[in-house]
Amino acid sequence: MSAFPSGYHGKVLEVDLSRGRIERVPLDASDVHDYLGGRGLAARIFYDRIDPACDPLSPDNVLVIATSPLLGTNAPTAGRGHMVFKSPLTGMIGSSNCGGTWAPAFKASGYDVLVIRGKAAAPVVLEITPEQAEILPAGDLWGLDVHHTVSALAEGQAAGLRRRVLCIGPAGENKVRFAAVMNDKNRAYGRSGAGAVWGSKNLKAVRVSGREKTEIKDKEKYRSGAEQAYYLLKQAPATKRLLKELGTLGLVELIDLIDMLPHRNFQDNLHLDEDVERISGETLAKKLLERAAGCYLCPIACQRHTRVSDKRGEGPEYETTVMMGPDCAIYDLEAIALANYACNELGLDTISFGGTLACVMELYEKGILTAKDTDGLDLHFGNSRILEEMVRRTAGRQGFGDLMAEGSFRLASAFSHPELSMTVKKQEIPAYEPRASFTQALGYMTSPTGACHLKGGYAVSLAFFGGAKEIPRFSLLQSPMSIRNMHNLGILQDSLGVCRFTGFAFSLDPWARMASGVTGLDFSTAVLEEVANRVAALERLFNIDAGMTAADDTLPERFSREPIVVAGEERVIPPEAIDRLRSDYYRARGWDEEGRPAPGLIESLRIRRRQP
Amino acid sequence: MHIKVKFLAYFRDLFQSREKIIALPEGARLRQLLGSLCDSAERHKAVFGKEESLSPHIVIMKNGVPVQNSGGLDAALENGDVIAIFPFIGGG
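For the protein sequence lines, the chains are A and B, in the order given. For the first sequence, our numbering gives the first residue as 1, with consecutive numbering after it. For the second sequence, our numbering gives the first residue as 1001, with consecutive numbering after it.
Next up, chain A with everything else stripped away, as it sits in the complex (with noise of 0.2 Å):
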């Protein structure tokens, strides 16, 4: 073995499904420095391959899945997986993200990072094991749904060692814009559409064993940042208990209370208390779970495993209720649970399909779209009988189907209202009113892949649920600086390869001491800093060279002009407030008026340009 860094076994698995050639190729060490795993890593070793005008559903897009230093230890969450790729929804850098199983048993199989490009000429699989990688067709495999698909792969095992299994359903296969690449069944790399980029390859699934082991070099000191992430994760109530308790869905009371939960396509924010209650964690803790659990190493375990009538599944989670329940006027918990079973045995990103079925509603309300362009459909708002139905057809893109496949913006741009799409870069707003807080609007303004929960859409829990971390709803003075810092922190969560939720509990500190005990490198917290700046002027510069521009972050104007009541006043997020709180937020990033990265910035950040 070369004096590669420990926590890394140095080697990039490179995959070619046009020319079905298959390669190991050594992982660059300034890399792993500079970039860290996961989200950092994935978006160096896409940015370096990637043609940015290329169409994203051809064979010349380029998918990176990277894993982190951490996995392969026991540091805990640390078994996340993240995916880089040219969303076929946006436009832009899609970077997704995913727990389960798979990520660490792909590490496990010998390698840090895999990238496919290419198009496999008929359906296939890859199979990769420390011994050995291969293409192997597909067969029958393809139009399976992931349930099916998993306990297909998954059965047996491989020289002893479990299989892991991570797949599309049909909805990738039918390259729905916004389907998810699945694992575990239940597990989603959810957003921006990778799983069309994998029906656009016709690659089917990727299944891992493995058993080679991730080293540390200094145990102490690694020892002592878990320890204290253990603990401390058993002392935030977040974390001990309520995520257990009442999972996600444990926050919908609590939203609407501060006035932040949509309504009928985000036209307004006002619901019964009753409503609200029908669909809360507790109604659900009472009516449909069996049991909670946790992904990899997870001690939190906000996972829902439940039951309707006669059938088990997993879910509803916060943003998937929102979505499919109050934003398009829908309250019945049994109805979204059955839809959200429905997405994840199709392979659907559960907000996007929220987004574009509420989006569709309103349409409907306003005479825009009637019965005879829906297949006969009655698509009125709080008809629940519909849910799980159009997630059938929008999935297979049957009739009225083949359009909501498109997504909110190109769905209503057909019918000339783009306006009534609530999206920012063409991927649909999360289950948070922007109105209600001017952090919260640059959060979505500002994500690199288009509104995310994940990428600044959790601003919510600074402005409210922080204790002292509180900031003011309407500051222009301090939203931007926390965005920024809010978007970093995600950043190095997403390259540590952990779970967002930890940060109820702590901040950087212990993963700083367990990222530089693995590897032996300095990951100081200001070192961390500086590779989560550097992460998010890369992807920057990515989304510049695809077309991207500062008018791509902003909001739809529903939210200028159309007033919601918060905390007893009436507020919009003003067109002067929007271009204030962009350009304080380029400022604080050292990114010019147009939001690009100054080459005083690039260079001191030690980030290398694309070779023309």
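To be clear, the hints were calculated from the coordinates, so they are not data collected in a lab. One or more of the hints may lead you astray.
[Unchecked claim] Cβ-Cβ distance ranges computed for the label pairs, FRET-style:
1) A/K286 <-> B/K1020: 18 to 26 Å
2) A/L476 <-> B/G1071: 54 to 62 Å
3) B/R1043 <-> A/T549: 51 to 59 Å
4) A/P299 <-> B/R1043: 20 to 28 Å
5) A/Q478 <-> B/A1023: 32 to 40 Å
6) B/E1052 <-> A/D48: 51 to 59 Å
7) B/H1002 <-> A/T370: 24 to 32 Å
8) A/K311 <-> B/K1020: 50 to 58 Å
[To be verified] Below, a list of computed lysine-lysine pairs in the DSS-like style, where the Cα atoms sit at most 25 Å apart:
9) B/K1020 <-> A/K286
10) A/K244 <-> B/K1006
11) A/K234 <-> A/K244
12) B/K1045 <-> B/K1020
13) A/K240 <-> B/K1006
Backbone N, C-alpha and C fix where the C-beta goes; we use that ideal spot for every residue, glycine too.
Given the coordinates of chain A, work out where chain B should sit on it, guided by the hints.
Leaving out everything else, chain B in the frame of chain A:
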């Protein structure tokens, strides 16, 4: 004056209630309201931290606005105010 208090998440079990109307003398502050609610050691511990400050694990809102930065325990109360008590939580 009368103050409406809403309990969320595990505070419902702790206070055996979803909602209570509390009568207080005019001019009372949040400290008095919470003092009258926290009539057991367990309740007191969940709401107050060290040295009679608010616990770092709790969020209290008055009419939809967190009190932490607007008076804290000394926040003034008026007839008809709605106080919500819930744990520090986040995410979705």
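Of all the hints numbered above, which does this structure not satisfy? Sort the numbers upward. Violated hints (numbers, rising): 2, 7, 8; every other hint is consistent with the structure.
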